[in-house]
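Just so you know, the protein sequences line up as chains V and L, in that order. According to full-length UniProt numbering, the stretch in the first sequence is residues 1 to 509, in order. According to full-length UniProt numbering, the stretch in the second sequence is residues 1 to 509, in order.
Keep in mind that the hints were calculated from the coordinates and are not lab data. Hints may be right or wrong, so weigh each one.
Since the list can't tell identical chains apart, any single copy or any two copies may satisfy a pair.
Straight-line alpha carbon distances no greater than 20 Å define the calculated SDA-like cross-link-like pairs of lysine to any residue that follow [unchecked claim]:
{"#": "1", "residue 1": "K491", "residue 2": "L201"}
{"#": "2", "residue 1": "K304", "residue 2": "N153"}
{"#": "3", "residue 1": "K270", "residue 2": "R351"}
{"#": "4", "residue 1": "K198", "residue 2": "M107"}
{"#": "5", "residue 1": "K198", "residue 2": "N153"}
{"#": "6", "residue 1": "K198", "residue 2": "Y260"}
{"#": "7", "residue 1": "K270", "residue 2": "E187"}
{"#": "8", "residue 1": "K239", "residue 2": "R426"}
{"#": "9", "residue 1": "K239", "residue 2": "V199"}
{"#": "10", "residue 1": "K304", "residue 2": "F150"}
{"#": "11", "residue 1": "K239", "residue 2": "P264"}
{"#": "12", "residue 1": "K270", "residue 2": "L410"}
Number of protein chains: 2
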Amino acid sequence: MAGSEDAERARYHHGGDEEREGDPGRRPASSLSESEALLDKDEHSSTQSSHRLLAYSDALISIIATVMILPVAHTKLEDDEELHHNLELLLTTKIAVYLMSFLLVSMAWSAHTRLFEVITRVDDCLSLLNLACMMLITFLPYTFSLIAAFPDNILGLNLFCACVMMIGLMQAAVVLYGFSHPRFLNETHTLHKRHILKVILRVPLLCLIAASVSFVCIPLSFVTLVFAVFLPYISQSLKRCYRKLIGMQTAPPTDAVGHYSYHPWEPLSKERLEGFTDGVYAIVATLLILDICEDNIPEPSELKDRFNGSLTVALQEYGPNFLAYFGSFATVGLLWCVHHSLFLHVVRPTRTMGLLNTFSLAFVGGLPLCYQLTHELPQSSLNEREAVQISCVILFLAGFFQLAIWVVALAAGGGALHPYVHYRGRNHAFMLAKLALYPCAALGTFCLASAPGRSSAFVFHLMGVTVPLAFLVLRYAVQAWLALLRLLRSKWEGPLRESPTPYPVTGAT
Amino acid sequence: MAGSEDAERARYHHGGDEEREGDPGRRPASSLSESEALLDKDEHSSTQSSHRLLAYSDALISIIATVMILPVAHTKLEDDEELHHNLELLLTTKIAVYLMSFLLVSMAWSAHTRLFEVITRVDDCLSLLNLACMMLITFLPYTFSLIAAFPDNILGLNLFCACVMMIGLMQAAVVLYGFSHPRFLNETHTLHKRHILKVILRVPLLCLIAASVSFVCIPLSFVTLVFAVFLPYISQSLKRCYRKLIGMQTAPPTDAVGHYSYHPWEPLSKERLEGFTDGVYAIVATLLILDICEDNIPEPSELKDRFNGSLTVALQEYGPNFLAYFGSFATVGLLWCVHHSLFLHVVRPTRTMGLLNTFSLAFVGGLPLCYQLTHELPQSSLNEREAVQISCVILFLAGFFQLAIWVVALAAGGGALHPYVHYRGRNHAFMLAKLALYPCAALGTFCLASAPGRSSAFVFHLMGVTVPLAFLVLRYAVQAWLALLRLLRSKWEGPLRESPTPYPVTGAT
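With the rest of the complex left out, here is chain V (with noise of 0.2 Å):
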């Protein structure tokens, strides 16, 4: 409990003035001077930390960032039909659709966190223009949808242009706002108002020029667009070639790389990052739900009619899909666990961790798809086994990106990772293990449902099945190979220490 009160005394900021407030037996208000000081706090008594702003921020992106799986969802399959066209017609147009907008909502979300992690505190007018952001940042699938329907409408092109532009001068205006108030500010960095207005206004300025181009020619326009995005990349990376040509230091100590730098290893809040990836996985896992609560409850006519009045053998008809929800909300479920297990243990994500984490997170999205896949096809068949596969490649690269950000957690060095997990820490092999189970068993279940004469759907199912298993066994082989280790020492060297204190040193609670 010591920590979650810790964390609502952290969230409770008054202006910072609780520790004056705390008891308001002994202030009657009784002097004018008191009370004058009690009006001053209360001109600031609107200032409030902005944990819980965000919190609800990251629960809408990660909700908008995954919405343009349902179209993808619910593209129904002929079960007659060729897997192959109906796979070309989806991966060509709905999944890379999917996959764009996700990273677009991923940037949003990206620039949010830049700009929050300067402005730390919120009154009421934040708020609201941070949920006007919020609105249009959630209309961007559509209209970038709108787009890939009609690539040569303008109209679609410049409805993202007109929503990214306003964005752009909604956060100038909260720039503007948090800095003719420095009680909003981020106390700790050095920062750069014109800096980080000259980055945030150079977006919507490219967005006007797209938009106006397109009248005339519209590949020229996606063109700025698509240079609108990575300019801050490219100006960092040129900044950073023309410092090593004139032979100054280039790679700056991680402590000194500041926020809106856009260098790799720039830091990034782990809450937000932990709350947007939250959300994604919770939003995944009970996706196909939505549809099982919608749409599986047959009617009372059609039970009559088809069923002969039996409900059992009406919900036999949906078992698949029954299937496909367990083994797509335990897959999410375990993979939400993994990343759970690798950040309990990385200090200082960095925004390169961010971006794979975004890249693993666009493919847990496509899970619950694999499954409907792989259950709804008929056994045995060759789009059975093209469905198993493509869910093996989605489940690998999932997995496959997760393994990644430890990767570069480990090369960030020293202050990136918990010692428990560093090269020398006990848990380096444990965590190598759990982050490594999933492409392993997609590598694993890929072969196997590609050799020929067996049913590919039961090997993945299988796999389903063991993994959390291989989860719990490796968890108890690590206990039980210290407990053995432990036994062995204290047969070696005595009874140094009889009696296990059952509290483990728990600290000041």
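Put chain L on the given structure of chain V with help from the hints.
Chain L alone, transformed into the frame defined by chain V:
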């Protein structure tokens, strides 16, 4: 930043021994005793703060709680039919199913919060148990809607009972596992394992009875289920009545109320309550854009045939949907803001407040539906007026229960609310105004919409636009009032303090 760092540190528990682990460089683990200490610790390095697990659970449960609004929202209303019949159909079945399933999932969430206020640290095994529990909770709305669709069929009832029984057994397993390892337990409370197990296992037992009885008499089994839900409250009230009869002290002070007491003042984790609320608000705010993204991209063939190839004309068709989305997003966002302001000042939430919050959220979940109704129906019809009236009622109830939370918090006495918003606090009136804004606006709109000879939808939309402005006006009116007061005082007393410090006593950051 200090707040979030505190929170991060608080969440980074390795069995509580981080102080010793802070600087790994000082401990090369060279000698045997030190290495043994490492082993001791490593056995507990699997213990983690449950913070993120609970956040993820809250996100999952909040999505599932609102899932049954989807079938309601997707019920297509025919323009030419009378809304009366449609609404009756909607109200009597689907909305009732939605509200009941929302309350049901909220109860599961409530049981989950009780459990994890006792078990405050977790390891991988508890994580997996919790995920399995979550999977079953997400299945509850489906079983419940089966019961609602086929009340005469015992299959739905038995599925429901089976789910609840498995959830209960898993919770019991969590308790047994947690109590067998004292490092998982909340250290600040006196805990009674047998009492908790008794409370938890009573529910599966009653469900087993209900399931057995269902083969004989279905109504009796429903009565058993209702009894199972209210048993703790009944036994608690009976105990209190008994105590009153024999003349014992009946109302223990707020601090003494423990977990699993089912007392109205039983504490509820603020973090959990906020997490669940944020999740519900986030999913409700984005409910309409989910549909828009999926359905409102016209097919290229349709575009050619119906709209002469003009995308602009095609999108005008969808105009009402966009308006409904923006309207519902703004309303939900502002209600979230009010909730945020309220809970910024609620220091110690109780179960009663949690219940009122659940009621408020259940009606918030109906808001997207309202906005859809008021925008889709033809103007100035009888249907439109009824839709607006229903919307006003839902909005009123959503706001009213928020106000009720505050009233209960005021009634709970000194410790529950921050002094700022208590009776004498400066923000008392302002908070009241904020909380009363939506109920009053809804009441006013209801009366205006009921008056004949006016477009009731227009009045409703006008309300949607003016309320956000009223928010800002409220804030600035208060600020202007304070500035005026201060000006008067400084004139009166002479310049005591000429230059107020820009940072108002920010504490040790």
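Exercise for review: Give me the numbers of the hints this structure contradicts, sorted from smallest to largest.
Suggested key: Of the numbered hints, 1, 5, 8 do not hold.
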